[in-house]
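A.B. asks: Listed below, chain by chain, are the residues.
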Amino acid sequence: MFNLSLLRQFSRLAICPATKLPISSRNIATTAAVQFKITDQLWAEPMKKKKKIDPAIVKAREERRRKKLEKQIRRLEKNARQLKPIDEMEVPLELLDNFNKRKRPQPKLTEEVIEARALLQKEWTRYKREEYMANVAQIDRIMGAQRRALDKLLEESEDLYNEAIMPDMQLIPYEVRGPVATPPIKGYASPDGEYIDVSKKWDN
Amino acid sequence: MLFKTFIQAEVNLCRRIFVRGLSTRSSWDIVTGVCVERLPVVTPPLNEMYKKYLDLQYTLEIEKSMKSDHEIRHENDKVQAELLKNESADVDIDAVSKITAQDFEDAANEELAQFKFASVETEADKKGDKTSLERCLQRHLVLVTPIKLGSDVKTLLPQGLWKEGETLRQTAERIVKEHCGPELKVQFLSNAPCGFYKYKYPSEVNGKIGAKVFFYYANYKSGKPSKTKADWLTRNELQQILPEKYNKSVKEFLIEESH
Chain U
3 MFNLSLLRQF SRLAICPATK LPISSRNIAT TAAVQFKITD QLWAEPMKKK KKIDPAIVKA
63 REERRRKKLE KQIRRLEKNA RQLKPIDEME VPLELLDNFN KRKRPQPKLT EEVIEARALL
123 QKEWTRYKRE EYMANVAQID RIMGAQRRAL DKLLEESEDL YNEAIMPDMQ LIPYEVRGPV
183 ATPPIKGYAS PDGEYIDVSK KWDN
Chain E
270 MLFKTFIQAE VNLCRRIFVR GLSTRSSWDI VTGVCVERLP VVTPPLNEMY KKYLDLQYTL
330 EIEKSMKSDH EIRHENDKVQ AELLKNESAD VDIDAVSKIT AQDFEDAANE ELAQFKFASV
390 ETEADKKGDK TSLERCLQRH LVLVTPIKLG SDVKTLLPQG LWKEGETLRQ TAERIVKEHC
450 GPELKVQFLS NAPCGFYKYK YPSEVNGKIG AKVFFYYANY KSGKPSKTKA DWLTRNELQQ
510 ILPEKYNKSV KEFLIEESH
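Residue numbers (this note's numbering), protein chains in the order written: chain U, 3 to 206; chain E, 270 to 528.
Source of the hints: derived by calculation from the structure; they are not laboratory data. Glycine included, each C-beta is placed from N, C-alpha and C at the ideal position. Watch out, some of these pointers could steer you wrong.
As the list claims (entries may be wrong) - Below, simulated DSSO-like cross-link-like pairs (lysine-lysine); rule was C-alpha separation at most 27 Å, straight line:
1) E:K399 - E:K520
2) U:K124 - E:K496
3) U:K103 - E:K354
4) E:K336 - U:K103
5) E:K498 - E:K514
6) E:K469 - U:K154
7) U:K110 - E:K347
8) E:K399 - U:K188
9) E:K333 - U:K103
10) E:K490 - U:K188
11) U:K103 - E:K347
12) E:K320 - U:K110
13) U:K105 - E:K333
14) U:K110 - E:K321
Stated by the list, open to error - A few chain E positions that, by computed beta-carbon distances, are all more than 12 Å from chain U:
15) T312
16) K347
17) I368
18) A376
19) E390
20) D398
21) L425
22) K446
Let's have the full structure, built from the sequences with the hints guiding it.
C.D. replies: Encoded structure:
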């Protein structure tokens, strides 16, 4: 213990800190080794002399920075107030003005009509439920058929099975065009409508 | 000793499974069939239930709506006409002389009446041409081609033997090309087969006792089959033309039509 403290005393003078040297003496103490580490002396440097600046310049510099920030804030605030209007979202004033004029007189519904409507609604719900159940059963059947086919393929060859269960990357992107209400007319030239673009420009 | 006999039994079992695996592989032909389907072009006809509910929805929609510009204009026209008839002093001559809403409506109706929508029943339907894609626009159509099986020719989905070294999907793509020519473009929907069918040959061919058919499903995209005579059949026609058991396997993976 003693020679360690002595070494530390001189470590300031040594180029290479002596404490880093491995102390090869074998520890023969029966108590547990103390795991304290002493940090090295850091090499200090003489303090620099503070530079003197004219206070007016400092003040001007500060002012300039503040003005710049203020300008930025002002610009942000100004833009925040100015939102791009969405014409489609606003109800035109002329519609609001004659709102009452546009109200449709409600027909007097008889008991029977109300009853018939309610019954039809119920019937429709039942019908849609049946349709849905049929669809689910159908999907189950198709998936079952595929499962069976895959099982048979696995019996036949494992390699082919492994190829078959790979995801099909050609499917993405997938585009499908649904059925239409009336068949397309062959060679039909759709009449070109004229249109004037009235949308306003909202560039800054 | 006990351990040894146990291991022996396991080894025997493994060998049996392995041998069986090998033997089944050699005694069945692997065949890929392709089900090319043209999806309906036009929506199916509405049934009674749909028609009734559609009517109700239309009436409800009108009841809940506000009056449109056109209706307001029509009402104004009526008021003006009334004033004119009574020879009231404050008739706005300009408003009367212009085209009334009723005139506009009549003109629009006339234009609509002149427009001819294409009929759902096409030329091919009238002639009964089954090779045309322009038939039965409201139904699913499946492509069938004459297939040579041994000595006789049957009308089945296009099919062909799997060759060593290609995946079943590649076989399916090759078969479409071989049977229908390169113009027919289809979109396969999966790498996996969607259906299965197995049949035995009347006598062994090259040591094979039969064929296992793996069906692949594809949607028609464009083009026309060129090489062989190919028919596009509806579900009912398929049922008539395909062998009974084969049709059952095919029906298993196809969407059922409700009309």
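A.B. asks: With reference to the structure, classify each hint as holding or not holding.
C.D. replies: How the hints compare with the structure:
1. Of the pairs offered as hints, the one joining K399 of chain E and K520 of chain E holds, with about 20 Å between alpha carbons and a cut-off of 27 Å not exceeded.
2. In summary, the hint linking K124 of chain U to K496 of chain E is not supported, as the alpha carbons are separated by about 54 Å, beyond the 27 Å threshold.
3. The straight-line distance between the Cα atoms of K103 of chain U and K354 of chain E is roughly 24 Å, inside the 27 Å bound, and the hint therefore holds.
4. Pair hint K336 of chain E plus K103 of chain U holds up; C-alpha atoms about 8 Å apart against a cutoff of 27 Å.
5. Pair hint K498 of chain E plus K514 of chain E holds up; C-alpha atoms about 24 Å apart against a cutoff of 27 Å.
6. For the given pair, K469 of chain E sits about 16 Å from K154 of chain U by alpha-carbon distance, which is consistent with the 27 Å threshold.
7. For the suggested pair K110 of chain U and K347 of chain E, the alpha carbons sit about 24 Å apart, so the restraint of at most 27 Å is met.
8. A distance of roughly 20 Å separates the Cα atoms of K399 of chain E and K188 of chain U; the hinted pair therefore holds under the 27 Å criterion.
9. Between the alpha carbons of K333 of chain E and K103 of chain U the distance comes to roughly 15 Å, so the proposed pair stays at or under 27 Å and holds.
10. Of the pairs offered as hints, the one joining K490 of chain E and K188 of chain U holds, with about 18 Å between alpha carbons and a cut-off of 27 Å not exceeded.
11. As the CA atoms of K103 of chain U and K347 of chain E are separated by approximately 15 Å, the hinted pair is consistent with the 27 Å bound.
12. Among the hinted pairs, K320 of chain E with K110 of chain U is consistent with the structure: their alpha-carbon atoms are about 24 Å apart, no more than 27 Å.
13. Taking the CA atoms of K105 of chain U and K333 of chain E, the gap is near 9 Å; set against the 27 Å cutoff, the hint holds.
14. For a cut-off of 27 Å, the pair hint linking K110 of chain U to K321 of chain E stands: about 21 Å separates their Cα positions.
15. With 12 Å as the threshold on Cβ separation, the claim that T312 of chain E sits away from chain U is violated: the shortest Cβ distance comes to roughly 5 Å.
16. With a least beta-carbon separation of about 14 Å from chain U, K347 of chain E lies farther than 12 Å from that chain, consistent with its non-interface assignment.
17. Non-interface status of I368 of chain E relative to chain U is upheld: no Cβ of that chain comes within 12 Å, the nearest being about 20 Å off.
18. With 12 Å as the threshold on Cβ separation, the claim that A376 of chain E sits away from chain U holds: the shortest Cβ distance comes to roughly 16 Å.
19. Under the 12 Å C-beta cut-off, the non-interface status given to E390 of chain E relative to chain U is violated; the minimum distance is some 9 Å.
20. Residue-level check passed: D398 of chain E sits 16 Å from the nearest beta carbon of chain U, beyond 12 Å.
21. Annotated as non-interface, L425 of chain E keeps its C-beta farther than 12 Å from every C-beta of chain U; the closest such distance is 17 Å.
22. The non-interface label for K446 of chain E is consistent with chain U: the shortest C-beta to C-beta separation is roughly 16 Å, beyond 12 Å.
In summary, the numbered hints that this structure violates are 2, 15 and 19.
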